[in-house]
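Q: For the protein sequence lines, the chains are A and B, in the order given.
With the first letter of the first sequence counted as 1, position 30 gets the number 29 in numbering that gives the first Met the number 0; the numbers rise by one all the way through.
With the first letter of the second sequence counted as 1, position 213 gets the number 212 in numbering that gives the first Met the number 0; the numbers rise by one all the way through.
It is worth saying that the hints were derived from the structure and are not from the lab.
Mixed in with the good hints there might be a few duds.
To be verified - Taking lysine-lysine pairs in the DSSO-like style, the calculated list, with each CA pair at most 30 Å apart, reads:
id, chain 1, residue 1, chain 2, residue 2
1, A, 76, A, 108
2, A, 76, B, 256
3, A, 29, A, 149
4, B, 149, A, 124
5, B, 178, B, 210
6, B, 100, B, 5
7, A, 76, B, 179
8, A, 76, B, 5
9, B, 29, A, 29
10, A, 76, B, 100
11, B, 37, A, 76
12, B, 29, B, 157
13, B, 38, A, 29
14, A, 29, B, 210
15, B, 157, A, 76
16, B, 85, B, 37
17, B, 157, A, 124
18, B, 210, A, 76
19, A, 108, B, 37
20, B, 29, A, 76
21, B, 85, B, 149
22, B, 67, A, 108
23, B, 210, B, 29
24, A, 108, B, 38
25, A, 124, B, 38
26, B, 256, B, 157
27, B, 100, B, 38
28, B, 179, B, 5
29, B, 179, B, 149
30, A, 108, B, 157
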Amino acid sequence: MKTQINHSELLAIIDQLADQLMAAYPDVEKTVLVGIQQGGVVVSNLIHEALQKKSKGRTFGHGQLDITFYRDDVRNKILAPDTMHLPFDVEGKTVILVDDVLFTGRTIKAALDALFDYGRPDRVKLCVLVDRPEHRQFPIQADHAGQVIKAQRNDKLKLRVNEQGQAELLLLSE
Amino acid sequence: MQLSTKHLLGIKNLTSQDISLILSTAEQFKEVLQRPVKKVPSLREVTIVNLFYENSTRTRISFELAEKRLSADTINFAASSSSAAKGETLLDTVNNILSMKVDMVVMRHSASGAPHFLAEHIPAAIVNAGDGINEHPTQALLDAFSIQEKTGSLQGRKVALIGDIMHSRVAQSNIYLLKKMGAEVVVCGPPTLIPKHIADALGVSVSYNIKETLAWCDVANVLRIQLERQNQVLFSSLREYNIAYGISRQLLDSLHKEIVIMHPGPINRGVELNSDVADSKQSIILQQVENGVAVRMAVLYLLSGRTAQA
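If we strip away everything but chain B, and leave its shape as in the complex, we get:
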């Protein structure tokens, strides 16, 4: 079995078979990560550039670790310290890097569609590590892997995405993926942070009531309030957000069932999640981080075939 695509640009253009293949391959890589020698030689002739036009800590480290565990050579590029700051175009930068014989590009960019643009113009395989407010496919894949690992399967699972849906590429990728894999999805947050036509456009239910949503779901994936994207006033204060939509121990205890708590990180403690929830046994936040490496290894491995490159 092989992927139906030669790039990972988003979950939108993957099939459910592609998703299953990535998740089952990731299971084997997770086994690799438990061994005394935590790497395999598969990608030892491959060179990968991590092109980060936007800040990131865990995604970049996770990709870099995944690449090293596959024995690939890696180069890191941060736009802030590069010629991009001198006015070089994206395509020029990437063509310069590729002329040094680079096989794959992992890219994060603040412009939605930047990796799609690159995929049309360069021969290397491209992995989207987050583009603007569009998609963050590897995050959705590692979330799905973690849900599957914790609860057994995605089919019929009730998943709530809570918080800033409007600015969240994680939410969008998660919704595409969960729908394709047969899960039920509710998005919940203040009306100002939920896109108006999301129910029709993406086939999810919308709720503005956090307690009802938590009582309904098996898994709550709590998104970060993106402080850096809040130029407009979309809620009155962080304190008020916490009171209306923050998840506290008390709220979870009132549910009379144990739901799974997830968060893509970094957490704003005391805003969307209180510490007594983030650090509780119900939270699988650190497992998500661990699974991220295995999932990214699977994606890179499955896209690394010689035929996968033009």
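Bound-form chain A, shown alone:
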């Protein structure tokens, strides 16, 4: 296990992503940020915090999506669900889905299924901390990626929040 991205590097990437999102989506009323449980929520919280500082509070609505009930392997392993919280109507909005690592694309596919049960957004964009493009299993790409990482198929990248409350990305090799 080694640290792939430490906390201060991670915050620098978050800052870049926040700048990108501000420039790409000027209509803050019609845009919402939705983190995918659990790693994506950590990332979207950090992005939302950065956006609030940069824009003096005038920024996107913010929610969290849990995909437990939508996983394509749901019955292989029954998992307890996490909190779902979308405190806004997604109808007609631009929804920016946020996840920690984009890998096979299965999570995003499930997240899209879950999201559309809340209404019909105008468009859905994808923002990830880390992209691992060579292992994709679905035709899904990130619109905004903080960093591209090449790693072995069996390696796991895992976002962890340490005892001091600082997020970092770990590389777990087999």
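Put chain B on the given structure of chain A with help from the hints.
A: For chain B alone, coordinates are given in the frame of chain A:
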């Protein structure tokens, strides 16, 4: 986290972790039920049979709705209109149904222990929807969910179960659950409707005084006087029951505090509950019904894993 059991036969054999897991999962399903699309695809490859050997309206509808909200396929079976009336045994009926590739069985039966018997003989996951005078676990779970939602927690909560404790599977399941989750329980009713050794056997207190009981409790779960099970004369008349143990507005107003009123339904208005109580702001009877769907979704979801089946 997963349940420690592959069937839900009763609260008696659940751990407090199992109960907490079901209740927290139900919270997420309650959120699902508020959305524009009130269903999730989780159980879309699962087929569930609702096997009702005893009449039921709300429990059957609640289970059926829960199954549909989980995208499961469902079949309904009512014993009165089936081959059971022609003399087929329970096991034969169920094996016939299972040979049509059914994954889960929700069962209500007038014989206590019927779902336990089935669980030993068939590979499908079984959910007890009420067996005789034994247990009605999903009712106790939805009652607990409703108490928790209304008052914050079960730990240390003072809950009174009032009425026909003797014939009530709801009372028995509630007592098991509330004790496991750290609540205090008093059962109250006429001596003829309270089992003699219940205090020692289940660790509850017994009271024959409705006013004292209401003054003590935070939550009063009022049980139905089961008119269909009153072949023996256990109290002299419904009117007298209402006078001695019925809950009226006047009685509640005399308490100087606001308690929560629950009832598993169907209510005998003017017997155990007067209308001015059943329809009051203190009553969470309709919330119980709403929560029933979410709780049953949680139970079915948590038991639906592939490894959960032999």
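Q: All hints, please: hold or fail.
A: Each hint, compared with the structure:
1. A:76 / A:108: It holds: about 18 Å lies between the C-alpha atoms, which stays within 30 Å.
2. A:76 / B:256: Distance of about 47 Å is beyond 30 Å: violated.
3. A:29 / A:149: Between residue 29 of chain A and residue 149 of chain A the Cα gap is close to 35 Å, so the pair fails against 30 Å, i.e. violated.
4. B:149 / A:124: Violated: residue 149 of chain B and residue 124 of chain A sit about 39 Å apart, past 30 Å.
5. B:178 / B:210: Status holds; Cα separation ~23 Å.
6. B:100 / B:5: Roughly 18 Å between the alpha carbons, so the hint for residue 100 of chain B and residue 5 of chain B holds.
7. A:76 / B:179: Holds, at about 27 Å.
8. A:76 / B:5: Within the cut-off at roughly 13 Å; holds.
9. B:29 / A:29: Holds, because 27 Å separates the two Cα atoms, which is no more than 30 Å.
10. A:76 / B:100: holds (21 Å)
11. B:37 / A:76: holds (23 Å)
12. B:29 / B:157: holds (25 Å)
13. B:38 / A:29: Holds, at about 26 Å.
14. A:29 / B:210: Violated, because 57 Å separates the two Cα atoms, which is more than 30 Å.
15. B:157 / A:76: violated (37 Å)
16. B:85 / B:37: violated (40 Å)
17. B:157 / A:124: With a Cα-Cα distance of about 50 Å, the restraint between residue 157 of chain B and residue 124 of chain A is violated, given a limit of 30 Å.
18. B:210 / A:76: Status violated; Cα separation ~50 Å.
19. A:108 / B:37: Holds. Residue 108 of chain A to residue 37 of chain B sits at ~19 Å (cutoff 30 Å).
20. B:29 / A:76: Since the Cα atoms of residue 29 of chain B and residue 76 of chain A sit roughly 22 Å apart, the hinted pair holds (cutoff 30 Å).
21. B:85 / B:149: At roughly 47 Å apart (the allowed maximum being 30 Å), residue 149 of chain B and residue 85 of chain B break the hint.
22. B:67 / A:108: holds (23 Å)
23. B:210 / B:29: The hint is violated at about 35 Å.
24. A:108 / B:38: Since the Cα atoms of residue 108 of chain A and residue 38 of chain B sit roughly 17 Å apart, the hinted pair holds (cutoff 30 Å).
25. A:124 / B:38: holds (24 Å)
26. B:256 / B:157: Cα-Cα ~14 Å, so holds.
27. B:100 / B:38: holds (23 Å)
28. B:179 / B:5: Holds - the C-alpha atoms of residue 5 of chain B and residue 179 of chain B are around 20 Å apart, at most 30 Å.
29. B:179 / B:149: Distance ~19 Å between residue 179 of chain B and residue 149 of chain B Cα, so the pair holds.
30. A:108 / B:157: violated (46 Å)
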